[in-house]
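**Student:** Spelled out, the chains give:
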Amino acid sequence: AQTVTQSQPEMSVQEAETVTLSCTYDTSESDYYLFWYKQPPSRQMILVIRQEAYKQQNATENRFSVNFQKAAKSFSLKISDSQLGDAAMYFCAYRSATYGNSGNTPLVFGKGTRLSVIA
Amino acid sequence: DTGVSQNPRHKITKRGQNVTFRCDPISEHNRLYWYRQTLGQGPEFLTYFQNEAQLEKSRLLSDRFSAERPKGSFSTLEIQRTEQGDSAMYLCASSLGAGDGNEQFFGPGTRLTVL
Numbered sequence: 001a002q003t004v005t006q007s008q009p010e011m012s013v014q015e016a017e018t019v020t021l022s023c024t025y026d027t028s029e030s031d032y033y034l035f036w037y038k039q040p041p042s043r044q045m046i047l048v049i050r051q052e053a054y055k056q057q058n059a060t061e062n063r064f065s066v067n068f069q070k071a072a073k074s075f076s077l078k079i080s081d082s083q084l085g086d087a088a089m090y091f092c093a094y095r096s097a098t099y100g101n102s103g104n105t106p107l108v109f110g111k112g113t114r115l116s117v118i119a
Numbered sequence: 001d002t003g004v005s006q007n008p009r010h011k012i013t014k015r016g017q018n019v020t021f022r023c024d025p026i027s028e029h030n031r032l033y034w035y036r037q038t039l040g041q042g043p044e045f046l047t048y049f050q051n052e053a054q055l056e057k058s059r060l061l062s063d064r065f066s067a068e069r070p071k072g073s074f075s076t077l078e079i080q081r082t083e084q085g086d087s088a089m090y091l092c093a094s095s096l097g098a099g100d101g102n103e104q105f106f107g108p109g110t111r112l113t114v115l
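Taken in order, these protein sequences are the chains called X and S. Following the working numbering, the numbering of the first sequence begins with 1 at its first residue and continues without gaps. Following the working numbering, the numbering of the second sequence begins with 1 at its first residue and continues without gaps.
Same shape as in the complex, but just chain S (with noise of 0.2 Å):
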């Protein structure tokens, strides 16, 4: 497959405890995004990474969330000290660089329950 993959795809956790959720892009796509989804909204841009370096992180991206592209391929976003409102999709995307036209794919995106 050569979409863009996201594991686990649910998570069910309790309050407090840290989470991490991983994305892998389509392969060759140096732009990676984070979104957040929460129920009867659309997408809300969390983060996003130009190869490793991350370029910016949106007002959303509490001190408790953290994200990381080490290699400039896989990128996993972490949770720390989770609340009842970090409950939400979490949505990855990719695209092939910086061109306007680079179209951003989507992942299947990984679904948080804090209880």
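Here chain X stands alone, though its shape is the one from the complex (with noise of 0.2 Å):
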């Protein structure tokens, strides 16, 4: 079974800044997607950012950008020029890549890091 693990429960940021979250994930698979979710306070997760692991080019969206490791199973996420609105849970998820109607099969989540965004 897959499994994902972020080591830092929490983590803080000054407006403005870059920080960087981690993520390691556990996997015998070799094609398989990987995504950075944020949950803000009493608000629905949505999705940040995604990776395709037979991409070697890093993904990036706007401010979010990941450094993806294969060989490490590694996959952590920046975020530049921090804004308060970035204040989250921030989860990292794993899901296995399958074809036909098997696809998009249910994400195996790490238990998330608090981000705080000091003004």
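Do not take every clue at face value.
Unchecked claim - In the DSSO-like style, the derived pairs of lysine-lysine whose C-alpha atoms are separated by at most 27 Å in a straight line are: (1) X/K73 - X/K55; (2) S/K11 - S/K57; (3) X/K111 - S/K57; (4) X/K70 - X/K111; (5) X/K111 - X/K73; (6) S/K71 - X/K111.
Don't read these hints as lab results, they were simulated from the structure.
Each chain sits in its own coordinate frame; assemble them with the hints.
**Tutor:** Below you can see the structure in the form of structure tokens.
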């Protein structure tokens, strides 16, 4: 079974600074997807960024980028120019890649990192 | 609103009572997932549907839990004889089909407190 580990329960960053959230995972599969989800207080979870394991290029979405190290099974999230609205729980998640009607299987989540942004 | 909706948002019940939650997915999304999130943990998969067919149930889904999606649209999750350990946030998500590229969109969750 796949597992996802987030070793930083809490992180803080000054507004406008950069912060990196860590995530490692364990799998024997060669093809899979990795995600970072954001869960603001009392609000629903939204997808921040995703990475396909077969792609060597790291994904980027505006101020959010990842450092995907497949051999090390590491998937960190970098938030640049942090804003007050970035304060939330961040979850790293894994999903197996399958094909046909068996695809889009359930996500496996880490325990999350609570990010605080200091004005 | 075209997002995933869940009702009720909060439920307080006494141990031993039955509770039922409802999830309305995004229109035309044929995949629907239930997850449970306890305090300090990430969401854990419970079960999921393709249209009205229940494809998989996790070992977390004990015999006291049952989920349905009778017409392939909304889904219900029922917990019978609730226990204090059932206290958690129950999240629903939906996606458009089985394609691996399809994103799972989450609802706001139903927070259950068992006294």
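**Student:** Each hint needs a verdict: does it hold in this structure or not?
**Tutor:** Hint check:
1. X/K73 - X/K55: With a Cα-Cα distance of about 14 Å, the restraint between X/K73 and X/K55 holds, given a limit of 27 Å.
2. S/K11 - S/K57: 23 Å, holds
3. X/K111 - S/K57: Given pair X/K111, S/K57 holds - Cα atoms ~21 Å apart, limit 27 Å.
4. X/K70 - X/K111: This hinted pair holds, its Cα atoms lying about 21 Å apart.
5. X/K111 - X/K73: Given pair X/K111, X/K73 holds - Cα atoms ~17 Å apart, limit 27 Å.
6. S/K71 - X/K111: 34 Å, violated
Violated hint for the displayed structure: number 6, the only one.
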